[in-house]
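Colleague: Sequence:
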Amino acid sequence: MRRLPQLLIGLALYGFSLSVMVRASLGVNPWSVLYEGLEQHTSLSFGTISAVVGVLVLLLWIPLKQRPKLGTIANIIVLAYSSDLGLSLIPEHLGLPARAGLLVGGVLLNGFSIAVYVGARFGPGPRDGLMTGVSGITTRSIRLIRTLIEIIVLAAGWLLGGSVGIGTVLYALTVGAITQFLLPRFAYRGNDAQRERTVRAGVAQRDARQYRTVLRRPPRPELGRHAQGSPGDE
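Position 58 of the sequence shown, counted from 1, bears residue number 65 in the working numbering, the numbering being contiguous throughout.
Among the hints, erroneous ones may be present.
[Stated by the list, open to error] Quick list of simulated restraints, FRET-style, between CB atoms: (1) L71 - L190: 22 to 32 Å; (2) G102 - L67: 25 to 35 Å; (3) I144 - L92: 18 to 28 Å; (4) L155 - T49: 18 to 28 Å; (5) L103 - K76: 36 to 46 Å; (6) R150 - I97: 25 to 35 Å; (7) L103 - L51: 26 to 36 Å; (8) T145 - G102: 40 to 50 Å.
Hints are computed from structural coordinates only; laboratory data are not their basis.
Cβ coordinates follow ideal geometry from the N, Cα and C atoms, glycine included.
Model the full structure from these sequences, guided by the hints.
Modeller: What follows is the structure, encoded as structure tokens:
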């Protein structure tokens with residue numbers, strides 16, 4: 008029962024972490040650079056743009072034969088609301104020390120939140136699904152495909168006016184390690200535990216059958232005992 012709350016909390020924290028990094032004004036992750044760039048050319052909010060981009064990316068799943076799951080849809084909706092909420096709560100035009108603190112805190116929270124919602128195992132978000140889908144049809148590594156996609160997104164966002172800075176570099180260098188470190192602590196293992204219980208039950212049943220078979224066997228005659236009255240004894 009904890010998986011769904013874990014998914015929603017993780018996504019809400021992820022969206023909030025994006026708003027924290029935006030308010031730091033020291034550079035954001037590649038997709039947020041794109042959202043910021045589009046925000047400057049439309050009347051839509053940051054969160055709304057993230058949802059629109061998420062839906063457009065989801066359409067690219069069709070030729071990739073990817074199927075959205077609950078986590079995919081929740082990713083689009085929850086991120087939009089939580090990021091806009093964070094931007095409405097965090098003040099703008101802060102001093103450099105405060106902005107540096109927001110940047111570090113935002114990156115840490117982002118890595119933590121990814122581990123939380125990915126660990127719930129409700130399916131990938133639109134952007135992650137695009138990455139795995141392209142990797143599947145091209146037989147290229149996920150790392151390579153992700154790097155190429157994020158370079159394209161980053162370049163497009165920068166050309167549109169999105170903020171690229173030290174925060175972008177810090178995010179690229181650290182968030183993967185943070186997520187990798189925390190993910191085992193939040194990964195849902197329900198299926199693994201069920202499989203383990205099934206295997207143990209099967210082993211126990213096998214051992215019980217073997218034990219019953221041994222009990223039903225007739226006793227073997229003792230070897231080495233000579234029959235009485237054998238020839239040559241007279």
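Colleague: Now look at each hint and say whether the structure bears it out.
Modeller: Status of each hint after checking the structure:
Hint check: L71 to L190, Cβ distance near 24 Å, so the stated range 22 to 32 Å holds. For the hinted restraint 25 to 35 Å between G102 and L67, the CB-CB distance of approximately 41 Å leaves it violated. A C-beta distance of roughly 37 Å is found between I144 and L92, which places it outside the suggested range of 18 to 28 Å. Between L155 and T49 the Cβ separation comes to about 26 Å, which falls inside the hinted range of 18 to 28 Å.
At roughly 42 Å, the beta carbons of L103 and K76 sit within the given window of 36 to 46 Å. The hinted window of 25 to 35 Å between R150 and I97 holds, with their beta carbons roughly 32 Å apart. The hinted window of 26 to 36 Å between L103 and L51 holds, with their beta carbons roughly 29 Å apart. The hinted range of 40 to 50 Å is satisfied by T145 and G102, whose Cβ atoms lie roughly 46 Å apart.
Of the numbered hints stated above, those contradicted by the structure are hints 2 and 3, listed in ascending order.
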